[in-house]
Amino acid sequence: MEIVVCIKQVPDVPTVRMDRERMTIIREGVESVINPLDYVAMEAALELRQKVGGQVRVITMGPPQSEVALREALAVGADRAILLTDPAFAGADTLATSHVLARAIERLDPFPDMVLCGMQTTDSDTGHIGPQIAEELGLPQVCGVNEIHVEGKDLVVKRLSDGFLDTIRVALPTLLTVTKGLCPVRDLPLGALEAAFSTKDVLRWSIDDLDLRKDEVGFEGSATRVRRLRIPLPRGNGEVVEGSPETLVNHLLRRLEALSILDEEDGKE
Amino acid sequence: MEKNKAFDGVWVFGDYRDYFQNRVTLQLIAKGKELAKELDKGLTTVVLGDQVYHYAMEYVAHGADVVVAGEDPGLKEYQVETYTAVLARWIQAFQPQVLLSGATSFGREFFPRLAKRLHTGLSADCVALDVDNKTGLLVQTTPSFGGELLAEVVTPNHRPQMATVHPGVFRELPHDSRALGCIIYPEIGPLPEIRLKRIRTRPQLTHDIRLEDAPVVVAGGRGLGSKELFGLLSELAALLRGDVGATRPAVRAGWAEEDRLLGQTGKNVRPKLLISIGTSGALQYTTGIQGAETIIAINRDPNAPIFKLADLGLVGDAATVLPLLLEALRKRV
Ligand SMILES: Cc1cc2nc3c(=O)[nH]c(=O)nc-3n(C[C@H](O)[C@H](O)[C@H](O)COP(=O)(O)OP(=O)(O)OC[C@H]3O[C@@H](n4cnc5c(N)ncnc54)[C@H](O)[C@@H]3O)c2cc1C
Ligand SMILES: Nc1ncnc2c1ncn2[C@@H]1O[C@H](COP(=O)(O)O)[C@@H](O)[C@H]1O
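As you go down the protein sequences, you meet chains R and G in turn. Under my numbering, the first sequence has 226 at position 226, and the numbering climbs by one with no breaks. Under my numbering, the second sequence has 63 at position 63, and the numbering climbs by one with no breaks.
Treat the hints with care, since some could be wrong.
Claimed, not checked - 25 Å max Cα-Cα, derived DSS-like pairs, lysine-lysine:
1. R:Lys180 to G:Lys197
2. G:Lys197 to R:Lys158
3. G:Lys267 to R:Lys180
4. R:Lys51 to G:Lys197
5. G:Lys134 to G:Lys33
6. R:Lys51 to R:Lys153
7. R:Lys180 to R:Lys51
8. G:Lys267 to R:Lys158
9. G:Lys267 to G:Lys308
10. G:Lys197 to R:Lys153
Derived from the structure by calculation, the hints contain no laboratory data.
Given only the sequences and the hints, what does the whole structure look like? Please build it.
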């Protein structure tokens, strides 16, 4: 089984702080990690390789420092890593990002049987990339998968979708986005990271290597523009009441009455 | 009504599968109508299935000027690839300016694929939509970093301007059985081969569906102190015809299931009324509740940050206030 896992380096959410005056993200002291669900995808890929053989390749589009994420993937056992990096790729929305990723995957030899993505990232949280890669590559897609079985040339997968537990059969090649519960994430074996830095190579592809034009990637190739960033503002101060428990309950009841919460049924004509 | 104005205005994907999805559709019809008015256009709902006439009628009664419907046995099952093929074809023919779907599981896997085929932009899980009165562009407000930050996104040069929208953000219009609208059935065209076979599908009813749609939410935090006290919230919720939510410490303590978690890593709710009991008001929690129309907080610490957010704050001990409140309510309801 030839598997490609798309991983993204994201800021570690607990270390992200907002500057409420300037309405920006404070970059200092923010650590980068592999998007948690991409970790799950990687583990799933390695588990499948163990069962049915084949190769696990990881791929990311990002700034040069994303190489660290790929090195970590190599350390946990990925066979090959490809970094798609070019100044022209910067500022991409999901349309442009998925285009670069799809183009790169298309050029892989052999073409994968399975492409895995996380269902969502913790920073942009769109979940668009998986379906959009599938569309560009003409692959079927199943989103939010939490169980994968290989049955001959098919996959049987499970996923929870809008309150229904689906069991789905899909032929290879296919694209899946994965979610929590698919498999436990192991800790990195000691020393593996150093080994990955010294022994394995990370392939680098630029805009020219992928035969892409500037106007189809990055900011230029994006359909959306961020007009403004805002921090959700707190609401205005309300009334704060102190007093005996009875007083408090009376205040509450009066408010419920004012909101017609208590008489919803009688209230209707 | 000028019909031609309606066809290229604001389109809403009509998801009728279940009560919850249908509600989201109705909410979007109401909001889409508002947006369409600002653009001097109409509101169109597009609905696919094997028999959709009664849904089409319902959408008209809830405000749709036009319903674009497709009936075919091959459309009965919600399939991303089939729906992408049909909708892409119709969008290219009718050229709407705006296309919206609820951010349901299906919406969130269908719309990215459709946006890609149409080569246009898409924003995810929006919590606000507005028309910029200078440019006429749709301003799509979408959360990032789990709601810590809101981004206002526009799609200047690509059409349609697409967004999935968080359920419960907008309010549906009342049913008006006298409303008039037009239902059209454009040619569907060839359907792609179905590559994804559902072997089995069974309902996995989680509370979240009800929780996110509940008009009243009663949320409890660490301050409730015990599983017993937290358990009283179910009765309070039942008396107020609402549902129960929880902060992370309450979930961690095992007082509530994970799917009741509110906030950045849990659910966003926008009920008419939210009562928050024994919660400090940490930002990661309040992002999930600040869409509530009214917030009432009970906390024994007068300086708790939750009081800054609350419309009514009660400084008191939950262990005494809660049983007393229940007693009073039982007498009334
Ligand atoms: C990355 C990240 C993501 C997170 N995501 C979430 C999330 O999605 N949802 C979430 O809820 N949290 C989340 N948290 C945790 C969040 O920061 C807070 O720790 C949490 O919301 C606090 O919950 P609490 O208000 O129940 O508890 P506390 O902060 O401990 O507050 C308890 C409150 O109860 C009051 N109290 C105590 N006893 C009584 C009494 N007898 N009667 C009345 N009041 C009493 C106290 O005065 C206090 O204000 C996240 C944290 C991080 C770092
Ligand atoms: N820049 C990227 N490089 C590689 N994979 C990505 C990138 N961005 C997103 N992905 C993949 O797409 C998934 C969903 O991301 P998103 O659509 O941004 O929420 C992630 O979990 C990754 O698997």
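Would the hint linking Lys267 (chain G) and Lys308 (chain G) be met if the CA-CA limit is 25 Å? 21 Å, holds
Between the alpha carbons of Lys267 (chain G) and Lys180 (chain R), is the straight-line distance 25 Å or under? 16 Å, holds
Would the hint linking Lys197 (chain G) and Lys158 (chain R) be met if the CA-CA limit is 25 Å? OK: Lys197 (chain G) and Lys158 (chain R) at ~12 Å, within 25 Å.
Is the straight-line distance between the alpha-carbon of Lys51 (chain R) and that of Lys153 (chain R) 25 Å or less? 14 Å, holds
Lys180 (chain R) paired with Lys197 (chain G) [C-alpha distance capped at 25 Å]: 23 Å, holds
Mind checking the alpha carbons of Lys267 (chain G) and Lys158 (chain R) for me, to see if they're no more than 25 Å apart? 23 Å, holds
Does the structure keep Lys197 (chain G) and Lys153 (chain R) at a Cα separation of 25 Å or less? Roughly 14 Å separates the two Cα atoms, so the pair holds.
Given the hint that Lys51 (chain R) pairs with Lys197 (chain G), test it: the Cα-Cα distance must not exceed 25 Å. 24 Å, holds
Holds or violated: are the alpha carbons of Lys134 (chain G) and Lys33 (chain G) at most 25 Å from each other? At roughly 19 Å apart (the allowed maximum being 25 Å), Lys33 (chain G) and Lys134 (chain G) satisfy the hint.
Just to be careful, I want the Cα atoms of Lys180 (chain R) and Lys51 (chain R) compared with a cutoff of 25 Å; is the pair within it? Distance of about 21 Å is within 25 Å: holds.
Comparing the model with each numbered hint stated earlier shows that all of them hold.
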